[in-house]
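Chemist: Taken in sequence, the protein lines are chains A and B. For the first sequence, full-length UniProt numbering gives the first residue as 1, with consecutive numbering after it. For the second sequence, full-length UniProt numbering gives the first residue as 1, with consecutive numbering after it.
A few of these clues could be false.
Chain B residues, not near chain A, derived (Cβ > 12 Å throughout) [stated by the list, open to error]:
1. ILE74
2. ARG139
3. LEU176
4. GLU368
5. VAL386
One side of the interface only, derived from the structure: several residues of chain A facing chain B at Cβ under 10 Å [as the list claims (entries may be wrong)]:
6. ILE192
7. PRO194
8. THR195
9. GLN203
10. GLN204
11. GLY212
12. HIS213
13. CYS215
14. GLN217
15. SER226
16. ASN254
17. PHE256
18. PHE259
Far from chain A by the CB rule (all over 12 Å, computed), these chain B residues [to be verified]:
19. LYS78
20. VAL110
21. THR142
22. LEU364
Hints are computed from structural coordinates only; laboratory data are not their basis. Every residue gets a Cβ at the ideal spot worked out from N, C-alpha and C, and that includes glycine.
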Amino acid sequence: MLSEDQPHWNCHNYSWYLLNFFVASVLPIDEIVLWAHDVGAKVLVDACQSVPHMVVDVKDLDVDFLVASSHKMCGPTGIGFLYGKSELLSAMPPFLGGGEMISDVFLDHSTYADPPSRFEAGTPAIGEAIGLGAAIDYLSEIGMQKIHNYEVDLANYLYESLRSVHGVRIYGPAPSQTVQRAALCSFNVDDIHPTDLATFLDQQHGVAIRSGHHCAQPLHRYLGISASARASLYFYNTKEDVDDFIRALKDTINFFTSFK
Amino acid sequence: MAEGDGPTVGSNYLPLPVEVFSFIESMSTSTSLRLFSIKFPQSLLHHHNHPIFKTLVLSTPPIIPSKLSLLKSISFQKLATKPVSSSQSSSPSVSLQPIEELPPKLQEIVKLFQAVQQPKAKYEQLLFYGRNLKPLDSRFKTTENKVQGCVSQVWVRAYIDSHKNVVFEADSDSVLTKGLAALLVQGLSGRSVQEILRVSPDFVVLLGLQQSLTPSRNNGFLNMLKLMQKKALQLYVESEKGGELGSEVSKESENPVESSNLGLKSDDGIGDSKANVSSEVGIDDMRSNTGDGGVLGSRGMRIKERLERELKPIELEVEDISYQHAGHAGVRGSDGETHFNVKVVSKEFEGKSLVKRHRLIYGLLQDELQTGLHALSIVAKTPSEV
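Can you make the complete structure from the sequences, with help from the hints?
Modeler: Below, the structure is given as structure tokens:
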């Protein structure tokens, strides 16, 4: 994927994620978009994991569509947004009928409103939208670049701290000059099931991590593992949080190894 | 709207409860949403000695803008809510199965866990059980033996011994789950089928582990128990047949058998096969295989026969799912056969709305409904709809 050669693609639309939520790597979306446009294809980017953490400039990337969800960016659940180039949206028919999206209605046909109303049938999720607006204002006030820089720092700290724990295997690339990791680590501990880790960390130490497939079963299969644990941070976490986590993790590992 | 009209005495500002917002909006002809705040002076409310979120009684508000004068006679009462108990699961609800009804080994285990107070110690206890669990040979780690709904992998194997008791073996790749499996194996293995089936899944509350187990783990525990009960039942049914070769599945009204180890046997005195519409209802309390993926008791058979006779279906499936509701208060006191899934495909439904179809079926099964049948989940289609 990162080679200079252009891949041969046959379909017309591509959907990509910008940031991998499992291995923490970032994809070169700008290149992908270039290649796609060359063959006349459109690109939709799923930026749910990236919009909250870094600067995403849709004009720079020249993506045709971009989606993100509110609850991953400090907003309420039940709402997200779609960005799309105006000419593309105007050319698309509605997918859902209802109030507000129509222009004129006859017994045998209707004409439709312009986007965005065209795609927002019925009474919208007003409360949620206001909540999302507040979240966006909050993040913008802090500044996405500032958040991103802070997180890169935190990501490195998490990675290094976790690596120091004996028996831990972290998935994904190591942070370096060219590779920036997201502030998360998916990992496994030798001979301890991730769900055991997560349960004990939660109940005994009040540390919440996720365990299971993380909505990435094929990737797990590829890596040859049945499940994994994942610790992820956001800009409200601190290095102290990471220290607490590592301490709790070590205690948890001791507990389970003492039973072998 | 009263935006900006409100009094702005001092800097005291109290937002109105939401109920007032929606009432005002309905009075106005504007449809756009606007956020506004009514500024009440603190003194007014202190005077009435009512905290604002509890009641809002505006009896003499000379400074309230005219539009709000309609609110004079409105009062908002705080609804009485149930007090939130801090330890909701510590006191088991009344409908829990009494501990004495559990198999003796299981009673012991429950008492042991109840005696251990510290969550960490409970974990240690759980791990201890898991460590002593007899390992399961890998050839038994099949899909049929895998427990669904577990984040980790759990397998349960069951076989029947010479005394017609069910023996269980289990394994898991997670040590906590292995501990749970070991609990069940120790508590249920070597017991009779009836005893195993009688165990209600909510005994897990008695263990006091619920707080220490995340909801998904609890589900895994329930599913483990259910799988063990299901396997026990299957083994029982098979052993009742005594290895007798069954007749072939009739293709007419039966759907493919989901469990491959169920054999079939034709019932004596009824007819050749289940597919025949028989007017003889004189069956005794025999357990028979039906190919519906389960075993039907006498009520299940009666339901089936009634529906067959009256609706002449081209497809009929009756499934006893009472075991899924074993914890219900509605089930307490019965010996099972309280909840069924029914799927009927019949010409009788043509021209009838969904409600009418359901009513028709309920009408046919009135007797059962009055003698202990608790609930039916119905799928009713016409031949053309299938």
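Chemist: The structure should be examined with respect to each hint, and the outcome stated for every one.
Modeler: For each hint, the structure was consulted:
1. ILE74: holds, 24 Å
2. ARG139: holds, 19 Å
3. LEU176: violated, 5 Å
4. GLU368: holds, 43 Å
5. VAL386: VAL386(B) is indeed farther than 12 Å from all Cβ atoms of chain A, at 30 Å.
6. ILE192: At 8 Å from the nearest chain B Cβ, ILE192(A) passes the 10 Å test, so the hint holds.
7. PRO194: holds, 8 Å
8. THR195: holds, 5 Å
9. GLN203: Holds, because the Cβ-Cβ distance from GLN203(A) to chain B comes to roughly 5 Å (cut-off 10 Å).
10. GLN204: With Cβ-Cβ at 6 Å, under 10 Å, it holds.
11. GLY212: holds, 5 Å
12. HIS213: Interface hint status for HIS213(A): holds (9 Å vs cutoff 10 Å).
13. CYS215: violated, 13 Å
14. GLN217: Check failed: Cβ of GLN217(A) comes no nearer than 12 Å to chain B, outside 10 Å.
15. SER226: holds, 6 Å
16. ASN254: Result: violated, 12 Å to nearest chain B Cβ.
17. PHE256: holds, 6 Å
18. PHE259: Since chain B brings a Cβ to about 5 Å from PHE259(A), closer than 10 Å, the hint holds.
19. LYS78: holds, 22 Å
20. VAL110: Holds, because the least Cβ-Cβ distance between VAL110(B) and chain A comes to about 20 Å, which exceeds 12 Å.
21. THR142: holds, 16 Å
22. LEU364: holds, 41 Å
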